[in-house]
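Engineer: Put together the whole structure using the sequences plus the hints.
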Amino acid sequence: MEQRLFKIVANKEIAELTYRLDLEAVEPGFSFDGEFVNIKIDGFFLRRPISVCDSYPGGITLVYKVVGKGTEALSHKKEGEVLDLLTGLGRGFDAAATESSALLVAGGLGAAPLLPLAKKLKAAGKKVNVVLGFNKASEICLEEELRALADSFEIATVDAIKAMDPTFDYFYTCGPMVMMKVVCKTLDAPGEASLEERMGCGFGICVGCTVVTKNGPRKVCKDGPVFKKEDIVW
Amino acid sequence: MVNTKINLAGVSLSNPIVPASGTFGFGTEMADVYDINLLGGISLKGTTLNPRVGNPTPRIAECSSGMISSVGLENAGIDVLVAEKLPELRKIYNGAIIANISGFSIDEYVAACAKAAAAPETDIVEVNVSCPNVHNGGMAFGTSPESAAAVTKAVKAVTGPKPVFIKLSPNVTDIVSIAKACEEAGADGLTLINTVLGMRINIKTRRPIVANRMGGFSGRAIFPLAVRMVYQVSKACSIPVMGCGGVATAEDVVEMMMAGASAVQVGAENLREPYCCRNMALELPVLLEKLGVKDINEIIGITE
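So the sequence lines, in the order shown, correspond to chains A and B.
Quick note on numbering: the working numbering labels position 128 of the first sequence as 128, and the sequence is numbered without any gaps.
Count along the second sequence starting at 1, add 234, and that's the number in the working numbering.
What the hints contain is simulated information worked out from the structure, not anything from laboratory work.
As the structure is a prediction and not an experimental result, all values here were calculated from the model.
Any given hint could turn out to be false.
Stretch by stretch, here's where chain B covers chain A in the computed footprint (C-beta under 8 Å, at least three residues) [as the list claims (entries may be wrong)]:
(1) 40-51
(2) 132-143
(3) 189-203
Only pairs whose alpha carbons sit at most 30 Å apart, straight line, appear in this in silico BS3-like list of lysine-lysine [unchecked claim]:
(4) Lys40/A - Lys438/B
(5) Lys438/B - Lys12/A
(6) Lys222/A - Lys77/A
(7) Lys7/A - Lys78/A
(8) Lys136/A - Lys438/B
(9) Lys325/B - Lys222/A
(10) Lys69/A - Lys122/A
(11) Lys438/B - Lys181/A
(12) Lys12/A - Lys122/A
(13) Lys77/A - Lys438/B
(14) Lys181/A - Lys228/A
(15) Lys77/A - Lys7/A
(16) Lys214/A - Lys12/A
(17) Lys325/B - Lys65/A
(18) Lys69/A - Lys438/B
(19) Lys7/A - Lys126/A
(20) Lys214/A - Lys181/A
(21) Lys78/A - Lys181/A
The C-beta atom is built at its ideal place from N, Cα and C for all residues, glycine as well.
Structural biologist: This is the structure we're talking about:
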């Protein structure tokens, strides 16, 4: 974990209530490691944990949805303003678990952490099959970015998963808990899911975001958010 | 150079800054984040005799200037604390180690406190009496002078020379009478305040935000309440008090000490500003110098 200040390069609505936030580290020497960041927003006691969608030396890109007052306040932040972030939080997807072909299933904003995973998988020469699910057409985001990387791509329902490349050997999913539950229970292949739970600190101290796994209680923020399918108790 | 060294019932602390139980893990987790030897003491995550899975989630609800948490004492049990957590922390930490113990019956308190006190790494045993007594209709031990004194007396009988601090609940009519009862029962010191019982409701679902309906409210919002109770208790008792509740800055530390605290615990602020205790420890001597204080002990309870 690291605490750093970031300057807002852009904070733009890219779909209904969905924003893309480009951040540049104020001090040099930043490179992102981990799965999410925890953002301090003036006027709110707790930070807001948000998955990192893209990173490069010196900066990160987040895609977030306005779901409450904290994220609404974040959406009003302007280019040039500075944000206080805890970075390097959480344990992400294990790209090395895929042998040759991976299935990525996202619901809504679950697409955000799957984009860096898709890049990693492609760089390692693996096949990437993507299914994105959204409630409404107006909420579709990251379609172009993921379509560009994918060997097969669907914007679809859970039913469409089986119609895709049936040879994938591993899957990754991020989205609403009910969706991930169905994905994990429907697919025979091994895989991983990025779980969600309301967090206090985001760095493993407050024991607010516990999830009971087959190996006992685990912290979503520090032991996860990504857990292996076989360890999750639905 | 300003002296920041203080004494808690015979235990010397390099400064009065102590992360509060439940907001700093077992200390080792934070050692990767900054040099924890800057801290006078560390109160460890609340531990019970037996392992506990804790409450269902969600456990956290945000509030204006604070938060409600309802972890339900999820912990691995006293044997893991003694066998693993205490030795691991002592390897890397020279300050005061405060083992925080909870129980749901007097027997549980006694058994867990005896083990905590017997561990060579433990400097102070802190007893959380805000837990419900399963043998008395679930009423918290800390809500009557008689039951708080009964826990204190029973624990003191098994903790030998290790100082015992009773951590008091603010959810009472008269905290002074409970504090005095603990002092008379042999407590070496008091920590106050624990969290304030609170509740939030989601107006769309019409349901409580935390799964356990209610939880402990902490954070900056409770600071004035804590200062008032520390003031009242420290004026009425002669044993040292660790002030706790809403502390977020070095100024807050000074204020809490002027109210009567010998040491100051920092809770919820750690969860939003992980470096806050380090910053307070570094800023405190500078602030004291500005205030013309040469020895921090001068200000303890100075406010009439």
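Engineer: Identify every previously stated hint that the structure contradicts and give their numbers, smallest first.
Structural biologist: Violated: hints 2, 10, 16, 17, 19, 21.
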